[in-house]
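> Taken in order, these protein sequences are the chains called A and B.
Going by our numbering, the first sequence opens with residue 1, and the numbers climb by one from there.
Going by our numbering, the second sequence opens with residue 1, and the numbers climb by one from there.
Worth double-checking, as some hints may not be accurate.
Pulled a few chain B residues facing chain A out of the computed Cβ check, cut under 7 Å [claimed, not checked]:
1. L11
2. A52
3. V105
4. G106
5. K136
6. V137
FRET-style restraints, in silico, Cβ to Cβ [claimed, not checked]:
7. G145(B) to P18(A): 35 to 41 Å
8. I470(A) to P26(B): 29 to 35 Å
9. D65(B) to D57(A): 48 to 54 Å
Keep in mind that the hints were calculated from the coordinates and are not lab data.
Since the model is a prediction, treat every value here as computed from it, not as a measurement.
Heads up, the beta-carbon is just placed ideally off N, CA and C, and yes, glycines get one too.
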Amino acid sequence: MLETLQNLALGFGVALQPPILLYAFAGCVIGTLVGVLPGVGPLAGISLLLPATFGLDATRAIVLLAGIYYGAMYGGSTTSILMRIPGEAASVMTCIDGYAMARKGRAGAALAIAAVGSFVAGTVSVVALMLLAPPLATFALRLGPPENFALLLLGLLVLAYMSGGSMLKSLAMAALGLMLGMVGIDPMSGYFRFAYGVVELGDGIGVVPLAVGLFGLAEVLASAGQPTPPKVQKPKLRELLPSRQEWRDSMAPIGRGTVLGFLIGIVPGSAHIISSFVSYAVERRLSRHPEEFGHGAVAGVAGPESANNSATSGAFVPMLALGVPSGPIPAVMLAALMVHGVSPGPLLIQQQPALFWGFIASMYVGNVMLLMLNLPMVGLFVNVLRIPYGLLYPAILVFCVVGVYAVNGSVVDVWIAVTMGVLGWLLRKLDFETAPIVLGAILAPLLEMSLRQSLAMSDGHYAIFVARPIAAVLLAVGAALLLLGLRAWIARGLDWRERLALAEKGDAP
Amino acid sequence: MTIDRAGGGGLALLALWVLWECRRLPLGSWHEPGAGAFPAALALVALGLGLAIVAVGGRATRLVDVDWRETPRALVIVAAGAFLTFGLERLGYRPSVLVALLFLVGAVERRGLVPTVAFAVGMAWGSFYLFNTLLKVPLPVGPLGF
Numbered sequence: 001m002l003e004t005l006q007n008l009a010l011g012f013g014v015a016l017q018p019p020i021l022l023y024a025f026a027g028c029v030i031g032t033l034v035g036v037l038p039g040v041g042p043l044a045g046i047s048l049l050l051p052a053t054f055g056l057d058a059t060r061a062i063v064l065l066a067g068i069y070y071g072a073m074y075g076g077s078t079t080s081i082l083m084r085i086p087g088e089a090a091s092v093m094t095c096i097d098g099y100a101m102a103r104k105g106r107a108g109a110a111l112a113i114a115a116v117g118s119f120v121a122g123t124v125s126v127v128a129l130m131l132l133a134p135p136l137a138t139f140a141l142r143l144g145p146p147e148n149f150a151l152l153l154l155g156l157l158v159l160a161y162m163s164g165g166s167m168l169k170s171l172a173m174a175a176l177g178l179m180l181g182m183v184g185i186d187p188m189s190g191y192f193r194f195a196y197g198v199v200e201l202g203d204g205i206g207v208v209p210l211a212v213g214l215f216g217l218a219e220v221l222a223s224a225g226q227p228t229p230p231k232v233q234k235p236k237l238r239e240l241l242p243s244r245q246e247w248r249d250s251m252a253p254i255g256r257g258t259v260l261g262f263l264i265g266i267v268p269g270s271a272h273i274i275s276s277f278v279s280y281a282v283e284r285r286l287s288r289h290p291e292e293f294g295h296g297a298v299a300g301v302a303g304p305e306s307a308n309n310s311a312t313s314g315a316f317v318p319m320l321a322l323g324v325p326s327g328p329i330p331a332v333m334l335a336a337l338m339v340h341g342v343s344p345g346p347l348l349i350q351q352q353p354a355l356f357w358g359f360i361a362s363m364y365v366g367n368v369m370l371l372m373l374n375l376p377m378v379g380l381f382v383n384v385l386r387i388p389y390g391l392l393y394p395a396i397l398v399f400c401v402v403g404v405y406a407v408n409g410s411v412v413d414v415w416i417a418v419t420m421g422v423l424g425w426l427l428r429k430l431d432f433e434t435a436p437i438v439l440g441a442i443l444a445p446l447l448e449m450s451l452r453q454s455l456a457m458s459d460g461h462y463a464i465f466v467a468r469p470i471a472a473v474l475l476a477v478g479a480a481l482l483l484l485g486l487r488a489w490i491a492r493g494l495d496w497r498e499r500l501a502l503a504e505k506g507d508a509p
Numbered sequence: 001m002t003i004d005r006a007g008g009g010g011l012a013l014l015a016l017w018v019l020w021e022c023r024r025l026p027l028g029s030w031h032e033p034g035a036g037a038f039p040a041a042l043a044l045v046a047l048g049l050g051l052a053i054v055a056v057g058g059r060a061t062r063l064v065d066v067d068w069r070e071t072p073r074a075l076v077i078v079a080a081g082a083f084l085t086f087g088l089e090r091l092g093y094r095p096s097v098l099v100a101l102l103f104l105v106g107a108v109e110r111r112g113l114v115p116t117v118a119f120a121v122g123m124a125w126g127s128f129y130l131f132n133t134l135l136k137v138p139l140p141v142g143p144l145g146f
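Whole structure, please, built from the sequences with the hints as guidance.
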């Protein structure tokens with residue numbers, strides 16, 4: 001414990017340096033704007049800003065990107081409460097009771113509860129991240145290629161299981177992502193695979209073109225021709241204080257949302273979205289007045305908002321400790337660190353203590369900044385929505401193109417992004433999740449490498465995956481998840497994934 | 001035709017194409033897989049999943065019932081994106097962005113001449129200044145010198 005506190009002191013030494021504070025602040029502001037704007041989610045925001053971090057050192061880059069991530073989680077609640085438009089997918093549940101509170105004249109209180117809940121959840125979950133990541137990293141040092149293979153495979157299966165909608169379709173999208181990840185030079189034999197003479201494809205399909213295309217450009221295409229959002233109501237500063245009863249009603253949901261969100265965040269999948277859905281369901285189940293849900297229940301705002309912010313920190317645990325991203329956003333952040341020559345994983349905490357602990361400390365600082373930013377400046381952020389969509393989407397298109405081009409200075413990457421944009425739009429129309437594609441493409445080379453290394457270790461005997469206890473347990477858990485997914489499929493019932501998919505479409509349960 | 005069957009069928013076709021392309025790569029042996037083994041195995045998995053989705057996708061939403069209203073505008077945006085990509089290194093960053101934005105804001109969104117030109121010029125030169133000058137991200141300059 002003493003060692004942790006010493007390390008944290010080292011982290012604050014880094015995070016409180018004026019330039020780092022400035023980047024954390026910039027990240028929080030940009031993230032809040034990203035969260036406020038419907039359609040520009042945190043993934044698109046981080047992907048677009050990624051090239052802008054190339055000139056920075058790794059610590060500043062990760063602090064800026066993390067600020068965008070949790071800033072977007074805060075900002076998403078604003079439009080949900082004031083306009084019933086979720087700024088990003090995790091805020092869908094906040095729309096229901098947040099907007100109902102706003103219609104009752106309690107918009108200010110709903111915003112304050114969402115901001116305080118987000119602050120508490122963000123801060124507590126950073127403590128959990130700080131305590132959990134180092135021992136997990138120490139444990140991960142004992143894992144060899146067979147365990148890594150089993151862990152990566154389990155990650156994909158969990159993602160498919162936890163995603164909204166059909167598990168079969170999520171697995172199909174993960175398989176598509178894995179196939180895309182096969183493009184490029186085979187690292188073991190040097191063969192060019194599926195490159196068709198395009199030299200730029202030798203390094204494979206990059207994460208940024210893939211993510212910007214599937215999320216940024218696809219969103220622009222999907223929302224083409226949409227009307228300008230409705231008029232916004234702006235609460236006054238003095239209306240922001242919740243009543244004593246509202247505070248009392250929000251305390252337990254904030255606590256439960258924090259714990260739930262963090263635990264769900266560690267698990268691969270669209271954690272922040274799932275956590276808000278689960279938290280809403282739990283609060284309604286535990287409430288003495290479940291009939292109030294949908295009509296302005298305080299717990300319906302406090303729980304989901306706390307959960308999605310807590311899940312943000314939880315998602316960093318496997319990324320920092322194991323080097324395994326738990327979703328597309330940590331995957332892009334992982335790519336950002338790798339661009340700066342930093343390899344996240346078990347050795348990160350030992351080899352780069354200033355970066356790791358500086359990042360942790362910056363999250364504490366960022367949470368305080370967001371609380372100070374979001375409440376008094378809510379009216380300012382909401383003004384962003386006054387930009388007509390007819391001007392906004394061309395600007396987003398330009399930022400998508402420049403963002404992708406800047407990574408490698410390659411037009412091929414931009415063509416990939418445009419193609420992926422069309423693919424992402426079509427897949428949305430066909431009701432397929434696109435997040436597993438990104439994760440599949442990132443994990444494919446790692447998965448193949450660990451499989452072939454494992455076979456080299458065992459002289460080609462596949463029994464190595466069941467002979468080693470950790471690998472066997474991980475594979476058994478994966479098989480159990482597959483069976484669980486099949487059970488819901490056979491029973492033909494509407495399980496929680498289908499309900500989540502319906503909620504994300506706006507048909508709240 | 002339902003949305004699931006269209007998606008599953010598309011994936012199955014892609015998987016078949018990947019399997020066909022894998023013939024150019026060494027498959028290796030069961031105990032020592034070659035460069036083509038993993039892609040071929042993935043294609044087989046994708047083929048199985050695609051066919052399974054086709055098999056069970058009969059009850060999904062019908063393709064004709066999907067709201068395709070945004071398609072014409074989406075295709076125009078794709079065309080503008082394609083032009084921007086094509087012109088990026090041939091015309092230069094600023095002229096490509098300028099033309100793409102003049103087309104999108106002026107012709108597609110039907111804004112007035114002055115706001116269209118102001119927006120397009122501001123975005124083209126402003127984003128170049130932000131990325132190229134301030135953030136040191138090199139952006140292509142065309143034959144006209146900008």
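> So, for every hint listed, does it hold in this structure?
How the hints compare with the structure:
Because the smallest distance between the Cβ of L11(B) and any Cβ of chain A comes to about 5 Å, under 7 Å, the interface hint for this residue holds. Given the 7 Å rule on beta carbons, the hint for A52(B) holds: about 6 Å separates it from the nearest Cβ of chain A. Look at V105(B): its Cβ gets to within about 6 Å of chain A, closer than 7 Å, so that hint holds up. With 7 Å as the threshold, the beta carbon of G106(B) stays out of range of chain A, its nearest partner Cβ sitting at about 10 Å, so the hint is violated.
A cut of 7 Å between beta carbons decides the hint on K136(B): the least distance to chain A is about 5 Å, and the hint holds. Checking V137(B) against chain A: minimum C-beta separation of about 4 Å stays under 7 Å; hint holds. For the hinted restraint 35 to 41 Å between G145(B) and P18(A), the CB-CB distance of approximately 39 Å keeps it satisfied. Look at I470(A) against P26(B): about 32 Å separates their beta carbons, and that is inside 29 to 35 Å.
Separation of D65(B) from D57(A) is about 52 Å and conforms to the stated range, judged on CB atoms against 48 to 54 Å.
In summary, the structure is inconsistent with hint 4 from the numbered list given earlier, while agreeing with all the others.
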